[in-house]
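So you can see what is in the structure, the chains are spelled out below.
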Amino acid sequence: MSPPSLHRPPGSWLVRQLTRVVPRSHREGWRDEWISELSHSTLPPWRLRLRAMGALIDALWLARHHGSWALDSTRFAHDVRFAARSLARRPAFSVIVVLTLALCIGATSSVFSVVESVLLRGLAYRDLDRLVAVWSNNTKESKDRYDVSVGDYFDWRDRAHSFEQLAGFFPTWNAAYTAPDVAERISVGAASANILRTLGVQPQLGRDFAAGEDKRGAARVVILSHAMWTRFFQRDSAAIGKSILLDGQSYTVIGVMDPSFTFPRNRVDVIVPLPILGSYIERRGVHLLSVIGRLRPGVTIESAHREMESIAAQLRIEHPGEDAGLASTVLPLADDLLGNVRRPILVLFAAVCAVLLIGCANVANLMLSRVMSRQQELSVRTAMGAPPGTIARQLLTESALIAVVAGILGVGIALVATRVAATVLPESMTQIGSVHLDARVLTFTVGVCVVVALLCGAAPAIRGARRATHLALPDAARGASRGRAARRVHSTLVVTELALAMILVVSAGLLINSFSRLTATDPGFRTHGLLRMKLELPDAAYRRGKQSDQFFETLLREIGALPGVRSVARVSRFPLHDGHLTSAILVDGMTYTDKDRLPEIEYRMASARYFETMGIPVIAGRPFDPMDTADSTAQLVTIINRTAAVKFFGTPNAVGKRLRFGGPERPPFTVVGVVGDVRQISLREPAAPEVFISTRQGLATAGSIVVAYEGAPGPIVASVRRIVTSLDKTLPVYDVQSVEDVLSKAAVGDRFTTTVLSAFALLALVLAAMGTYGVIAFGVAERTREIGVRMALGAQRREVIGMVVRDGMRLFALAMPIAFAGIWWSNHAIATLLYGVLPSDLPTQAVALATLAVATAAACLIPARRAARVDPTIAIRS
Amino acid sequence: MPTTRITYPTAVVLTALSRGCRYGFEIMDTTGLASGTVYPILRRLEEAGMLSAKWERMADAHDEQRPPRRYYQITGAGRQTVRDAMSRFPALSAVRPPGATPSPT
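Chains A and B are the protein sequences, given in the same order.
Sequential numbering from 173 applies to the first sequence in our numbering.
Sequential numbering from 141 applies to the second sequence in our numbering.
Note that these hints are calculated values from the structure, not bench results.
Hints may be right or wrong, so weigh each one.
Straight-line alpha carbon distances no greater than 20 Å define the calculated SDA-like cross-link-like pairs of lysine to any residue that follow [to be verified]: (1) B:K194 to A:H198; (2) B:K194 to A:R199; (3) B:K194 to A:H212; (4) B:K194 to A:S211.
Here are some, though not all, of the chain A residues that point toward chain B, as calculated from beta-carbon distances under 8 Å [unchecked claim]: (5) D204; (6) S208; (7) R223; (8) I229.
A virtual CB, placed ideally from N, CA and C, is assigned to each residue, including glycine.
If we strip away everything but chain B, and leave its shape as in the complex, we get:
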């Protein structure tokens, strides 16, 4: 499995996922990071096995008349990395669960 460098924004994204964020825009809304930062981080973390992604079931989306969404979920390796990162970046504890602080783009 490829290893990945844990920068502060990477740690922020991982923390947000560990606190219940599930998709790209939700992470942006929660953390205030820009889309051009968040998505490449998600791609990298997925490749490194720290999170997994799956498409929403067609039927569920269909019921709500909208396209299905891609959901991300943190893995065990990801949780371990968050714990390690917490000691390096104490500021991570400020990352809130989704919906708590809507932030500008």
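Looking at chain A on its own, in the form it has when it is part of the complex:
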């Protein structure tokens, strides 16, 4: 045999690494032969490296035929069979352990699938890090994400150099889609022609919008979502070039998006160029667009921000009226779009990881106890010559087998859970990405299983092996300190479990408290027996004014006559549901300079009886009445809410004051009534100043019909549809909801986070109690003799029970300081999710900890009572 070579030809590194794979008997010769061949060869280095790769196959061949592998594979099969038999001998133990882990793994994978599909994969736009959201920044009302006006958008687009593309869009438009046998409202994303180029995506079929197709008067074109194409065109590629009717206008289909595409901020059925917004885009002062920019390579967000600031400054000078007080904000798009959902998802992910850790600690404890109870078997095996390594390996194989079975079950649980999640997840999450299990989630699950196997198996394996060695020595089994070390491991694990459970239970307590406050919030209107539905009169068929008024008058009269209907009215936008729209307001008698940005006010059009139908109290003056018409003889009237009255007039009784909307040149409206505040935007946000105009004076042709009713809503909805059809059979009634639906939807995100986190906290509580039970029961079993002696010396049953429960509560006390550090951190994490309750809310935390303390004490009581039943004579003799 030759001496080791000093040569290091190309490829020799790989060969040296592979040497370890080769069986010891062949190792040296094998390495020398390969190194020698590589150093003799005159081939170029890359070809030598390529040849060296063949050494892998050579080495594996030798390992397979001469090495430990041949042995290893049979030994592995043997270990697995052994582990399976050993688990099957204790079915109760195995079932509990496997189910605990399956539940934890399934929950973790499910939450990860949400993390993956929403946070990691959700925004499938090219070079996401170069995409930014650009907002107006209303410094006057300190709104830093203020919708951009159409005029500003076009000026920005013309002037800014930081962006390759700057797209403006309105994500929540809708239109009536009509085809033979179809009359439906569909959701429309109205966008500038460069929207897809900005996002870096292409239609799957057909073409993108061409530049200029977003100009007024350009040919009307539309790009379909994949869902729309599937639903109405059965995925027929002949859809390209066809015409579809939107709001009675014909649009040519030019493209179809692929299924993974999500329109920013809303799931839309079609994308249509901006002119579909009609007159909205003609007025500079209307703030309705979202803007996304693609930064040029090398341009930072900060420099883009600086450029936009200087453009905003120019625009303030050029348009002193509309642009007064407007600055501009540039934010990373990912932060902007995921901002609302990132935190709840990450909080849930952290929670589920904690549950997984608790589950692992529990299982590790159970397995540790089991190793203890198997000391006989293990010591016999050691005595017969099994090396400690073998015993450790077999114990690890057991936990690996448990992890594999639990993993398979866990994937099943996750499959079901993600199906359910897809239906209960708040829209804010699902509109970003559809949740399902995919290869990445499965890879994650496999990783979790490996970690689980190691976490659960390591401690028992090490202890089992060590113990087996000790026990081979005579009398060691009776040592007084026999269980002390083991008990320490047990206790550490249980303290960890309890600490994690405390954090989860406190967080859940805070969220539950916050959620109950949120749902108990008085929205300011009727919360039962109220229906809303949408109806829109097409401008083409009904002239605004007399004709539409007449239609609605007949409609409301007929609905009002239905049995069970208490009152009916209409409103342009239903609070908490239809988003918000503001108007600039001028109070008569105050002077405004050009530089001032006029204050904005929530703006709704409502019919007579709206306040009665909604159950909104009239605080001063009167509600609208049928005489408030657009006739030249009628006075222009308005009703404001209490907040507006106090803000603008300093008193709730503002009847008789006058207001103008939009500008000083507009006609004045006289305040005839003041009504109670209503939460308009969300349950969390207090009422903003709001103004109502009569539907007849505001000429509304769209909006919600609201019906206050008694009895069952079903027949009323059916009757309303019948009445509408009898008046005009082309009009769809859509978006029918009870007020309970509206309120429930307004809290859907909070409900989801609260429910899921509470479920995790409950699971954590049960697991931690189980863990405590396990370690206390183990302690009682170990101390049977001691307890017997105490009882023989006169200890009372009550004292024994107290002693055991105290042991358990000591663990609880030990867990508290650790938990407090965690609770401090978790309170920070959930602070923004809370409503009406501070993260430091002591009563909530106390109740949560007390709940866990009771559960822990209950878990200790079972072994404590067993300890109290110990018969001293038997215990001492044993």
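Given the structure of chain A, go ahead and fit chain B onto it with the hints provided.
Positioned in the frame of chain A, the structure of chain B alone reads:
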């Protein structure tokens, strides 16, 4: 002595050895077979007694300032197998002596 299955690549390696190839890389250069194919075949054939291997003398290698090489030589059993294989795989006659056709890896 263990028997071995004579596949076409096995026959090619044996033929190359019978035509004068003496070490692994030379067989690859001559036959165009990959290293991951040739070496396991050499191991198998050595075990089956169809070839023998020996290390180059230290002194010879030392003189040339390089590590010694492992040389393979076909045995009688190997030659018999080549003759049998020739009738099964006529294409084997295309295997040339070393140096005749340098081939890619």
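**Message:** Check whether the Cα positions of K194 of chain B and H212 of chain A lie no farther apart than 20 Å.
**Reply:** 17 Å, holds
**Prompt:** Going straight from one Cα to the other, do K194 of chain B and H198 of chain A come out at no more than 20 Å?
**Reply:** This hinted pair holds, its Cα atoms lying about 14 Å apart.
**Request:** So, I229 of chain A near chain B? Judge it on the closest CB pair being under 8 Å.
**Result:** Where the cut-off is 8 Å and the nearest Cβ of chain B is about 4 Å from I229 of chain A, the hint holds.
**Request:** Go through the hint on R223 of chain A and say holds or violated, using the shortest Cβ distance to chain B against 8 Å.
**Result:** 4 Å, holds
**Prompt:** Going by Cβ atoms only, is S208 of chain A closer than 8 Å to chain B?
**Reply:** 4 Å, holds
**Request:** So, D204 of chain A near chain B? Judge it on the closest CB pair being under 8 Å.
**Result:** 7 Å, holds
**Pair hint K194 of chain B and S211 of chain A, alpha-carbon separation not exceeding 20 Å** = With a Cα-Cα distance of about 18 Å, the restraint between K194 of chain B and S211 of chain A holds, given a limit of 20 Å.
**Asked** Given the hinted pair K194 of chain B and R199 of chain A, is their alpha-carbon gap at most 20 Å?
**Response** 16 Å, holds
The structure shown violates none of the earlier numbered hints.
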